[in-house]
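Listed in order, the protein sequences are those of chains H and D.
The opening residue of the first sequence carries number 1 in the numbering used here; numbering runs sequentially from there.
The opening residue of the second sequence carries number 1 in the numbering used here; numbering runs sequentially from there.
Don't read these hints as lab results, they were simulated from the structure.
Among these hints, one or two may not hold up.
The list cannot tell twin chains apart, which means a pair is met if one copy fits it or any two copies do.
Claimed, not checked - Restricting the straight-line Cα-Cα distance to at most 20 Å, the calculated cross-link-like pairs of lysine to aspartate or glutamate (EDC-like) are:
| # | residue 1 | residue 2 |
| --- | --- | --- |
| 1 | 209 | 345 |
| 2 | 97 | 122 |
| 3 | 284 | 170 |
Protein chains: 2
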Amino acid sequence: MAETPIRFGILGCASISLKLTKKLSRSITLSPNSTLDAIGSNSFDEAKKFAAENGFPPSVKIYGSYEAVLDDPNVDAVYLPLPPRLHLRWAVLAAEKKKHLLLEKPVALNVDEFDQIVEACEANGVQFMDGTLWMHHPRTSKMKEFLLDTQRFGHLKTVHSFFSFAANDDFLKNDIRVKPHLDGLGALGDAGWYCIRSILWACDYELPKTVIALRGPILNEAGVILACGSSLHWEDGKTATFHCSFLSNLTMDITALGTEGTLHVRDFIIPYEEKSASFSVSCKTGFTEHVVTTDLPQEIFMVREFSRLVKNIKEGGSEPESKWLSISRKTQLVLDAVKASIERDFEPIQVWV
Amino acid sequence: MAETPIRFGILGCASISLKLTKKLSRSITLSPNSTLDAIGSNSFDEAKKFAAENGFPPSVKIYGSYEAVLDDPNVDAVYLPLPPRLHLRWAVLAAEKKKHLLLEKPVALNVDEFDQIVEACEANGVQFMDGTLWMHHPRTSKMKEFLLDTQRFGHLKTVHSFFSFAANDDFLKNDIRVKPHLDGLGALGDAGWYCIRSILWACDYELPKTVIALRGPILNEAGVILACGSSLHWEDGKTATFHCSFLSNLTMDITALGTEGTLHVRDFIIPYEEKSASFSVSCKTGFTEHVVTTDLPQEIFMVREFSRLVKNIKEGGSEPESKWLSISRKTQLVLDAVKASIERDFEPIQVWV
Numbered sequence: 001m002a003e004t005p006i007r008f009g010i011l012g013c014a015s016i017s018l019k020l021t022k023k024l025s026r027s028i029t030l031s032p033n034s035t036l037d038a039i040g041s042n043s044f045d046e047a048k049k050f051a052a053e054n055g056f057p058p059s060v061k062i063y064g065s066y067e068a069v070l071d072d073p074n075v076d077a078v079y080l081p082l083p084p085r086l087h088l089r090w091a092v093l094a095a096e097k098k099k100h101l102l103l104e105k106p107v108a109l110n111v112d113e114f115d116q117i118v119e120a121c122e123a124n125g126v127q128f129m130d131g132t133l134w135m136h137h138p139r140t141s142k143m144k145e146f147l148l149d150t151q152r153f154g155h156l157k158t159v160h161s162f163f164s165f166a167a168n169d170d171f172l173k174n175d176i177r178v179k180p181h182l183d184g185l186g187a188l189g190d191a192g193w194y195c196i197r198s199i200l201w202a203c204d205y206e207l208p209k210t211v212i213a214l215r216g217p218i219l220n221e222a223g224v225i226l227a228c229g230s231s232l233h234w235e236d237g238k239t240a241t242f243h244c245s246f247l248s249n250l251t252m253d254i255t256a257l258g259t260e261g262t263l264h265v266r267d268f269i270i271p272y273e274e275k276s277a278s279f280s281v282s283c284k285t286g287f288t289e290h291v292v293t294t295d296l297p298q299e300i301f302m303v304r305e306f307s308r309l310v311k312n313i314k315e316g317g318s319e320p321e322s323k324w325l326s327i328s329r330k331t332q333l334v335l336d337a338v339k340a341s342i343e344r345d346f347e348p349i350q351v352w353v
Numbered sequence: 001m002a003e004t005p006i007r008f009g010i011l012g013c014a015s016i017s018l019k020l021t022k023k024l025s026r027s028i029t030l031s032p033n034s035t036l037d038a039i040g041s042n043s044f045d046e047a048k049k050f051a052a053e054n055g056f057p058p059s060v061k062i063y064g065s066y067e068a069v070l071d072d073p074n075v076d077a078v079y080l081p082l083p084p085r086l087h088l089r090w091a092v093l094a095a096e097k098k099k100h101l102l103l104e105k106p107v108a109l110n111v112d113e114f115d116q117i118v119e120a121c122e123a124n125g126v127q128f129m130d131g132t133l134w135m136h137h138p139r140t141s142k143m144k145e146f147l148l149d150t151q152r153f154g155h156l157k158t159v160h161s162f163f164s165f166a167a168n169d170d171f172l173k174n175d176i177r178v179k180p181h182l183d184g185l186g187a188l189g190d191a192g193w194y195c196i197r198s199i200l201w202a203c204d205y206e207l208p209k210t211v212i213a214l215r216g217p218i219l220n221e222a223g224v225i226l227a228c229g230s231s232l233h234w235e236d237g238k239t240a241t242f243h244c245s246f247l248s249n250l251t252m253d254i255t256a257l258g259t260e261g262t263l264h265v266r267d268f269i270i271p272y273e274e275k276s277a278s279f280s281v282s283c284k285t286g287f288t289e290h291v292v293t294t295d296l297p298q299e300i301f302m303v304r305e306f307s308r309l310v311k312n313i314k315e316g317g318s319e320p321e322s323k324w325l326s327i328s329r330k331t332q333l334v335l336d337a338v339k340a341s342i343e344r345d346f347e348p349i350q351v352w353v
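Based on the sequences and whatever the hints tell you, model everything.
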């Protein structure tokens, strides 16, 4: 029996999100259980140009508005790479139009906005997932096995995460991530999202009790964060720190210290190589480098898993998998707390579920 | 012409500092420009036992007091591995007796005490050096070359350092480092000393303007720090964080992020292998693992360099090399600031030179 692929629409393919959209449209096309059905942009010409540049087949419909994609009954799911300030409006509308939702990070400007997206997804029975690619790399579950191994890793005591890249002058002037009217969360919403997620991932999504931003965040003239850091504190004494930045050389580290072992990974966001990715563990029995090989890039794993969940709902009558909403919400909660701490002169902020 | 080696005395060889003293006595014996002349302990029997266990030749004098070592006119220099609470008294007396001084870290309980040691060393023209071994490993200067390379590394933006080891129950009950009447600085004075030094080293010993301890340090019942962390902040926006602990698996990381490159080292305190040590750098041209081979362990490099400086003073009429006093003092200053921040409810502490 031939598989019926999940049909995707993409909302937004303007030059500001071009790179991501390109990557995801390729993944949607290459993933065995999905197909690209339509793309929409506020500018029909931009959408047309994008389709031509990426060699989309004539079967991909081109729309001059986002609404048109959402109104197309053939579209099962949408990928939404719009600037964060537009997430609330379009994510809620997509859910209301019963489109399953693959939403770029940061998922919203704050958790109140995100809760409206959650409500819309739940009310309309649509699957939600955010676009945090590394969660879907096979290496990630291998690393998790180590963290859960009480003999080799023991119990988590502390984590440090770095995500930085040295943005060029053009990025620092023109990218949506440095524009308060398009984004608003800057390096914290972008690079910091990954750091916070990696910390939550390492401690099995147990929320910290308190978050305190580190002093000295660097802001641009419009007040958007270009670099910042924070410490996170749990009830049981666990701690974490992270530093995220648009101003330092590409660094993508997670270091997790347990009572018995240590995990190091240096390219957790995007593995240096597409076909293999490594991490290292040290424990009493020594120091080991693990290499995980894969024949697919991580974005295809993500699209495939998302499409599998959508298919289960559409054809198998399953409920949406709620863990992705929960993980996104916790990430946004911590992100909000870091932002609040920066705004309140580095006060400790209690994280409320 | 035969070399006249620098003649060392060792103050203290009780079981509490046995491991370090063993390592250093071996280094003094193996280094080409030094020789072990005398050991002294409060207990003559302990000193005798130590000499026998380590196979010292009969030429090594054994004394039942520290004073006797300091009064021996043949002794040029002393290695002082006593508990930190005894440093002030014995380091000052050693300097007054014109003995060059190799002092274990933490150098003192606070910078006021250390300034008295500085004064005694300067007034008596003796060479000072603290026992931070990794400073003398050939890898350290290779890593420094990378950090100073404005093309490959650019300018330092942030550093993170971890030093932790999982102390066993015996250590946590009986080691001098967990006893307030012997040490007082706990994991901060021991593991934290290395973290602070690594951060200062990475930024060329420029002192931070502000230091803020991270919340949630872990103390034992006597109030001694078993794990803690801090952030450090410079005038120009540079930041650093560290975490030191007796409660997590052995981890010895420096990660330094520049505008153009990143340095990673995972065993900076004691290289995993004695004959080679590695570090990795990433920059625009890619990711490179550097291996530095050496035929000597780092402690011999330290003893040799210290002895060379002493010889220059003794035979060449040189002045003592003051950089080692300066580096130790800066490390102690930052350490004091972290401790003060912990004691003052995690207030930012200004670092005054």
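Consistency of the hints with the structure:
no.: 1; hint: 209 / 345; verdict: both (19 Å within a copy, 18 Å between copies)
no.: 2; hint: 97 / 122; verdict: within (13 Å within a copy, 80 Å between copies)
no.: 3; hint: 284 / 170; verdict: between (48 Å within a copy, 18 Å between copies)
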